[in-house]
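Engineer: Sequence:
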Amino acid sequence: MKKHTVYIHLGIFICILMPLALLAQSSPVQGGEVDAPIDGGLSLLVMAGAGYGIKKLKERKGAAK
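First residue of the sequence shown: -14, per the working numbering; consecutive thereafter.
Think of the hints as simulated: they come from the structure by calculation, not from any bench. Warning: the hint list may mix true and false statements.
To be verified - Below 20 Å or equal to it, Euclidean Cα-Cα: the simulated SDA-like pairs (lysine to any residue) are:
| # | residue 1 | residue 2 |
| --- | --- | --- |
| 1 | K(-13) | I(-3) |
| 2 | K46 | L29 |
| 3 | K(-12) | I(-1) |
| 4 | K40 | S28 |
| 5 | K41 | V31 |
| 6 | K40 | L30 |
| 7 | K(-13) | P4 |
Everything numeric in this text was worked out from a predicted model, so none of it was measured.
Can you build the whole structure from these sequences, using the hints too?
Structural biologist: Below, the structure written as C-alpha coordinates:
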(Lines of atoms letter the chains of each structure in order from A and count residues from 1; the text may use other names and numbers.)
(Lines give C-alpha, C1' and ligand atoms only; values in the text may rest on other atoms or scores of the structure.)
Protein backbone atom coordinates (compact mmCIF):
# COMPACT_ATOMS: atom_id res chain seq x y z
CA MET A 1 0.00 0.00 0.00
CA LYS A 2 2.86 2.36 0.77
CA LYS A 3 4.31 1.82 -2.70
CA HIS A 4 0.96 2.83 -4.21
CA THR A 5 0.90 6.15 -2.35
CA VAL A 6 4.48 6.89 -3.44
CA TYR A 7 3.41 6.52 -7.09
CA ILE A 8 0.40 8.78 -6.54
CA HIS A 9 2.55 11.48 -4.92
CA LEU A 10 5.15 11.18 -7.69
CA GLY A 11 2.43 11.56 -10.35
CA ILE A 12 0.99 14.64 -8.67
CA PHE A 13 4.47 16.14 -8.32
CA ILE A 14 5.20 15.61 -12.02
CA CYS A 15 1.83 17.07 -13.06
CA ILE A 16 2.47 20.19 -10.99
CA LEU A 17 6.01 20.77 -12.29
CA MET A 18 5.49 19.79 -15.96
CA PRO A 19 3.94 23.11 -17.10
CA LEU A 20 7.07 24.91 -15.97
CA ALA A 21 9.18 22.84 -18.35
CA LEU A 22 6.74 23.00 -21.25
CA LEU A 23 6.34 26.74 -21.73
CA ALA A 24 5.61 27.33 -25.42
CA GLN A 25 6.19 31.08 -25.59
CA SER A 26 9.61 32.53 -26.18
CA SER A 27 11.14 35.19 -24.02
CA PRO A 28 10.01 38.81 -24.61
CA VAL A 29 13.62 39.81 -25.30
CA GLN A 30 13.48 38.36 -28.84
CA GLY A 31 10.74 40.74 -29.93
CA GLY A 32 7.97 40.02 -32.38
CA GLU A 33 4.97 37.82 -31.81
CA VAL A 34 5.55 34.08 -31.65
CA ASP A 35 2.69 31.61 -31.94
CA ALA A 36 2.45 28.63 -29.63
CA PRO A 37 2.81 25.25 -31.37
CA ILE A 38 -0.36 23.17 -30.92
CA ASP A 39 -0.09 20.71 -33.80
CA GLY A 40 2.15 18.09 -32.17
CA GLY A 41 -0.11 17.14 -29.29
CA LEU A 42 -3.34 17.64 -31.20
CA SER A 43 -2.36 15.30 -34.02
CA LEU A 44 -1.31 12.63 -31.51
CA LEU A 45 -4.67 12.88 -29.77
CA VAL A 46 -6.52 12.55 -33.08
CA MET A 47 -4.47 9.49 -34.03
CA ALA A 48 -5.04 7.90 -30.62
CA GLY A 49 -8.80 8.51 -30.90
CA ALA A 50 -8.90 7.01 -34.40
CA GLY A 51 -6.96 3.96 -33.24
CA TYR A 52 -9.28 3.48 -30.29
CA GLY A 53 -12.34 3.80 -32.54
CA ILE A 54 -10.97 1.21 -34.97
CA LYS A 55 -10.23 -1.16 -32.10
CA LYS A 56 -13.78 -0.81 -30.76
CA LEU A 57 -15.28 -1.41 -34.23
CA LYS A 58 -13.22 -4.59 -34.63
CA GLU A 59 -14.32 -5.79 -31.19
CA ARG A 60 -17.96 -5.11 -32.05
CA LYS A 61 -17.65 -7.02 -35.38
CA GLY A 62 -16.02 -9.96 -33.58
CA ALA A 63 -18.78 -10.09 -30.95
CA ALA A 64 -21.54 -9.95 -33.59
CA LYS A 65 -20.36 -13.11 -35.38
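Engineer: With reference to the structure, classify each hint as holding or not holding.
Structural biologist: Status of the hints after comparison with the structure:
The hinted pair formed by K(-13) and I(-3) meets the criterion: a straight-line CA distance of about 16 Å does not exceed 20 Å. This hinted pair does not check out: K46 and L29 have alpha carbons roughly 26 Å apart, beyond 20 Å. The hinted pair formed by K(-12) and I(-1) meets the criterion: a straight-line CA distance of about 17 Å does not exceed 20 Å. Of the supplied pair hints, the one linking K40 and S28 holds, its CA atoms being roughly 18 Å apart against a limit of 20 Å.
For a cut-off of 20 Å, the pair hint linking K41 to V31 stands: about 15 Å separates their Cα positions. Among the hinted pairs, K40 with L30 is consistent with the structure: their alpha-carbon atoms are about 15 Å apart, no more than 20 Å. As the CA atoms of K(-13) and P4 are separated by approximately 27 Å, the hinted pair breaks the 20 Å bound.
In summary, the structure is inconsistent with hints 2 and 7 from the numbered list given earlier, while agreeing with the others.
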